[in-house]
Amino acid sequence: MRLKLIFQLFLRSSMLQKKRAILTVAAIAWGTVAILLLLAFGQGLKDQLMKSRRAMGLNIAVIWPGETSRPWKGLPAGRPVRPIADDVEYLRQRMPDLKGVLGEIHSWGTTLTYGRKTVTSHVIGTNWIYGEMRNHIPQPGGRFFNPIDEAEKRRVVFLGNKLATDIFGKEDPVGKTLQLNSSPYLVIGVMKPKLQMGNYAGPEDDHAVIPITTYIAQYGTQQLNNLVIQVHRPEEMPEALKRFKEVLSAKYGFNPEDPKVFGIWDTVKGSEIMGKMMLGIELFLGIIGALTLLIGGIGVANIMYAVVKEKTREIGIQMAMGARRSWITGPFVLQGLIYTLLGGACGLVIAVTIVILLSLIPTGGNQALAFLGKPTLSWPIGISTAAILGLIGLLAGYFPARRAASIDPAETLRYE
Amino acid sequence: MNWPLIRRNGRNGANGNGAIIHMDGITKVYDTGKVKVEALRGIDLSVQKGEFVAIVGPSGSGKSTLMNLIGCLDTPTGGQFDLAGEAVAGLDRDQLADVRNRRVGFIFQNFNLLPQISAFENVEMPMLFGGVSKRERRERACELLERVGLGNRMDHKPTELSGGQMQRVAIARALAMNPDILLADEPTGNLDSASGGDIMTLFKNLWEQGGTLVVVTHDMALANRAGRVVEIRDGLIVRDTANAA
Numbered sequence: 106m107r108l109k110l111i112f113q114l115f116l117r118s119s120m121l122q123k124k125r126a127i128l129t130v131a132a133i134a135w136g137t138v139a140i141l142l143l144l145a146f147g148q149g150l151k152d153q154l155m156k157s158r159r160a161m162g163l164n165i166a167v168i169w170p171g172e173t174s175r176p177w178k179g180l181p182a183g184r185p186v187r188p189i190a191d192d193v194e195y196l197r198q199r200m201p202d203l204k205g206v207l208g209e210i211h212s213w214g215t216t217l218t219y220g221r222k223t224v225t226s227h228v229i230g231t232n233w234i235y236g237e238m239r240n241h242i243p244q245p246g247g248r249f250f251n252p253i254d255e256a257e258k259r260r261v262v263f264l265g266n267k268l269a270t271d272i273f274g275k276e277d278p279v280g281k282t283l284q285l286n287s288s289p290y291l292v293i294g295v296m297k298p299k300l301q302m303g304n305y306a307g308p309e310d311d312h313a314v315i316p317i318t319t320y321i322a323q324y325g326t327q328q329l330n331n332l333v334i335q336v337h338r339p340e341e342m343p344e345a346l347k348r349f350k351e352v353l354s355a356k357y358g359f360n361p362e363d364p365k366v367f368g369i370w371d372t373v374k375g376s377e378i379m380g381k382m383m384l385g386i387e388l389f390l391g392i393i394g395a396l397t398l399l400i401g402g403i404g405v406a407n408i409m410y411a412v413v414k415e416k417t418r419e420i421g422i423q424m425a426m427g428a429r430r431s432w433i434t435g436p437f438v439l440q441g442l443i444y445t446l447l448g449g450a451c452g453l454v455i456a457v458t459i460v461i462l463l464s465l466i467p468t469g470g471n472q473a474l475a476f477l478g479k480p481t482l483s484w485p486i487g488i489s490t491a492a493i494l495g496l497i498g499l500l501a502g503y504f505p506a507r508r509a510a511s512i513d514p515a516e517t518l519r520y521e
Numbered sequence: 160m161n162w163p164l165i166r167r168n169g170r171n172g173a174n175g176n177g178a179i180i181h182m183d184g185i186t187k188v189y190d191t192g193k194v195k196v197e198a199l200r201g202i203d204l205s206v207q208k209g210e211f212v213a214i215v216g217p218s219g220s221g222k223s224t225l226m227n228l229i230g231c232l233d234t235p236t237g238g239q240f241d242l243a244g245e246a247v248a249g250l251d252r253d254q255l256a257d258v259r260n261r262r263v264g265f266i267f268q269n270f271n272l273l274p275q276i277s278a279f280e281n282v283e284m285p286m287l288f289g290g291v292s293k294r295e296r297r298e299r300a301c302e303l304l305e306r307v308g309l310g311n312r313m314d315h316k317p318t319e320l321s322g323g324q325m326q327r328v329a330i331a332r333a334l335a336m337n338p339d340i341l342l343a344d345e346p347t348g349n350l351d352s353a354s355g356g357d358i359m360t361l362f363k364n365l366w367e368q369g370g371t372l373v374v375v376t377h378d379m380a381l382a383n384r385a386g387r388v389v390e391i392r393d394g395l396i397v398r399d400t401a402n403a404a
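Heads up: the sequence lines are chains V and E, in that order. For the first sequence, the numbering used here begins at 106 and goes up steadily by one. For the second sequence, the numbering used here begins at 160 and goes up steadily by one.
Because the hints were derived from the structure by calculation, they are not lab data. C-beta: ideal position from N, C-alpha, C; glycine also. Any given hint could turn out to be false.
[Stated by the list, open to error] If you want a taste of the chain E side facing chain V, the calculated C-beta under 8 Å gives, among others:
1) Asp233
2) Ala256
3) Pro285
4) Leu287
5) Trp366
[What the hints assert, rightly or not] Computed footprint of chain E on chain V, listed as stretches where at least three residues anywhere in the stretch have a Cβ under 8 Å from a Cβ of chain E:
6) 107-116
7) 417-423
[Stated by the list, open to error] Lysine-lysine pairs mimicking DSS-like chemistry, simulated, CA-CA at most 25 Å apart:
8) Lys109(V) to Lys363(E)
9) Lys123(V) to Lys316(E)
10) Lys124(V) to Lys363(E)
11) Lys414(V) to Lys316(E)
12) Lys109(V) to Lys293(E)
Model the full assembly from the supplied sequences, consistent with the hints where possible.
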């Protein structure tokens with residue numbers, strides 16, 4: 106009933122003059138656009154960063170063998186530990202909780218020849234699970250190699266997209282035969298371009314991948330350059346790495362606590378740090394946006410102060426007729442809220458339009474654009490902006506309303 | 160429901176002798192920090208139900224202050240003030256607002272109508288505060304505007320009305336909550352003599368119907384129509400006489 110009364114009083118109170126109303130709404134709209142776009146760019150940056158991290162593989166750790174730094178069971182320090190291709194299967198059997206494990210052997214100086222075109226490039230022999238674990242997704246019409254390719258040592262090759270373009274130009278590489286150090290290989294797939302930050306063996310769009318069994322047959326080495334393990338959930342990584350060392354320690358004879366035996370890049374840890382950094386960036390952007398919005402709110406409050414001053418006598422009249430304090434302040438608070446929310450709605454429409462327009466701009470392989478040019482509006486952004494708007498609207502109405510309530514009716518009624 | 164135009168009998172707890180206003184040794188001091196202004200220096204005033212009292216006095220005599228106290232727009236510094244049997248001292252702002260709403264109808268020299276809303280809505284406003292139902296508000300506002308002769312001007316805004324008409328809207332508004340007392344401050348001050356005469360006649364009618372009226376005025380023609388004239392000078396009552404009818 107009392108809320109209804111305040112609403113009725115609000116309907117009867119005169120609205121702002123047109124010019125003031127437009128200015129007020131515009132100030133709030135501007136603030137809203139600022140906060141929404143800042144947060145949207147933050148979100149876009151975060152999404153792209155997360156995506157680019159996942160491009161290398163989700164929840165993976167890369168492990169390079171090194172040499173021991175502590176004596177172990179009568180063996181001296183300084184012994185190299187050299188896992189071989191068969192250790193992948195050895196590990197897989199002893200660590201069934203892993204999502205995946207693979208080994209890699211690298212050659213940086215392989216010549217790739219197609220027709221009259223020859224390039225020297227980076228070739229990796231690895232297990233078939235690499236395609237999935239390391240996000241080598243084939244473009245339509247191609248595939249990554251499979252367990253059968255690996256078991257039968259087939260001469261098949263999967264190309265990075267840049268390498269494919271270098272060799273084949275505009276031709277479709279899939280199904281063509283490529284010479285790797287003079288041995289013919291069938292191109293079975295080309296990697297889909299991916300946005301990627303960070304790698305551990307050179308750019309991934311510029312290398313070729315073949316089954317590890319084929320690699321051993323051709324290059325005659327089975328010593329792994331590195332291994333990669335993948336866990337189901339990030340929190341499983343420390344335990345998995347510990348277990349990994351124990352398993353290989355049993356086979357190769359080294360202290361599982363020895364920190365020098367393996368060089369490890371645990372991407373899960375990196376993701377955590379990145380997450381914290383992004384939170385910091387988002388907070389920073391949010392605070393800047395909120396401050397901009399606050400300026401709009403001060404504009405609303407200012408104009409409403411002027412209104413209170415102009416309407417002093419009307420307020421006095423209402424008080425003389427028995428209006429309680431909240432019935433005087435209520436309509437002002439409501440008015441502040443309505444202008445703020447109206448401005449917020451306008452700002453939302455503008456911000457969404459800008460975000461949609463920006464998403465239409467092609468990034469064209471430009472890294473800066475790829476990271477910054479994809480502002481994204483999400484529900485949390487919308488809800489937090491609405492909450493800030495509501496708060497500012499309340500404050501913008503409250504302070505002028507308090508001024509109104511402090512009016513002394515006896516003073517205002519007598520004089521014109 | 161046919162409400163009386165103005166209440167004849169006090170509501171809850173009017174004290175035994177039927178005084179609507181009972182003031183005993185009222186003082187009012189305005190403390191502006193440096194100077195203390197004694198606006199009222201001990202007023203004893205009793206107004207009975209159905210009286211028509213004119214308060215006269217030169218500017219600065221304290222009659223405006225007295226008006227504010229009677230209308231519960233302000234509270235006295237000292238003394239005892241009962242309005243319709245209820246002590247006003249110690250009420251908070253919202254309680255004073257309720258008292259004004261239920262017990263006092265204000266009429267001002269400069270009408271003080273809300274300019275943006277129609278005559279009808281102006282009359283309805285106190286009933287909005289009083290929590291009167293929509294149907295009753297409508298009936299009562301129409302009836303009151305008919306009685307003051309503005310039945311055909313209900314939808315007009317104040318700016319579309321003459322001074323006399325505005326004052327009649329203000330009187331209708333003052334009567335809306337069926338108050339114990341009508342409090343008028345120079346009601347004819349801004350009107351030509353013809354309109355002023357209409358207002359005086361209206362007041363006289365209200366009095367004859369049993370209403371209680373307190374009018375502050377310079378206008379001796381109006382004061383002479385009242386049943387009783389109270390003269391104030393320097394914050395004290397110097398004369399309190401009944402007019403010969």
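So, going through the hints one by one against the coordinates:
The interface hint given for Asp233(E) holds, since its Cβ lies 5 Å from the closest Cβ of chain V, which is under the 8 Å cut-off. For Ala256(E), the suggested interface contact is upheld, since its CB lies about 5 Å from the closest CB of chain V, less than 8 Å. At about 4 Å, the closest approach between the beta carbon of Pro285(E) and any beta carbon in chain V falls short of 8 Å, and the interface hint on this residue holds. Below 8 Å, beta-carbon pairs count as interface contacts, and Leu287(E) has one with chain V at about 6 Å; its hint therefore holds.
A cut of 8 Å between beta carbons decides the hint on Trp366(E): the least distance to chain V is about 22 Å, and the hint is violated. Residues of the stretch 107-116 of chain V with a Cβ under 8 Å from some Cβ of chain E number 3, which satisfies the need for three, so the listed coverage holds. Check result for the stretch 417-423 of chain V against chain E: holds, 5 residues qualifying (beta carbon to beta carbon below 8 Å, three or more required). Between the alpha carbons of Lys109(V) and Lys363(E) the distance comes to roughly 38 Å, so the proposed pair goes past 25 Å and is violated.
For the hint linking Lys123(V) to Lys316(E), the alpha-carbon distance of about 21 Å falls within 25 Å, and the restraint holds. A hinted pair counts as satisfied when its Cα atoms are at most 25 Å apart, and Lys124(V) with Lys363(E) does not qualify at roughly 48 Å. The straight-line distance between the Cα atoms of Lys414(V) and Lys316(E) is roughly 22 Å, inside the 25 Å bound, and the hint therefore holds. Between the alpha carbons of Lys109(V) and Lys293(E) the distance comes to roughly 12 Å, so the proposed pair stays at or under 25 Å and holds.
This entry does not satisfy hints 5, 8 and 10, going by the numbered hints stated previously.
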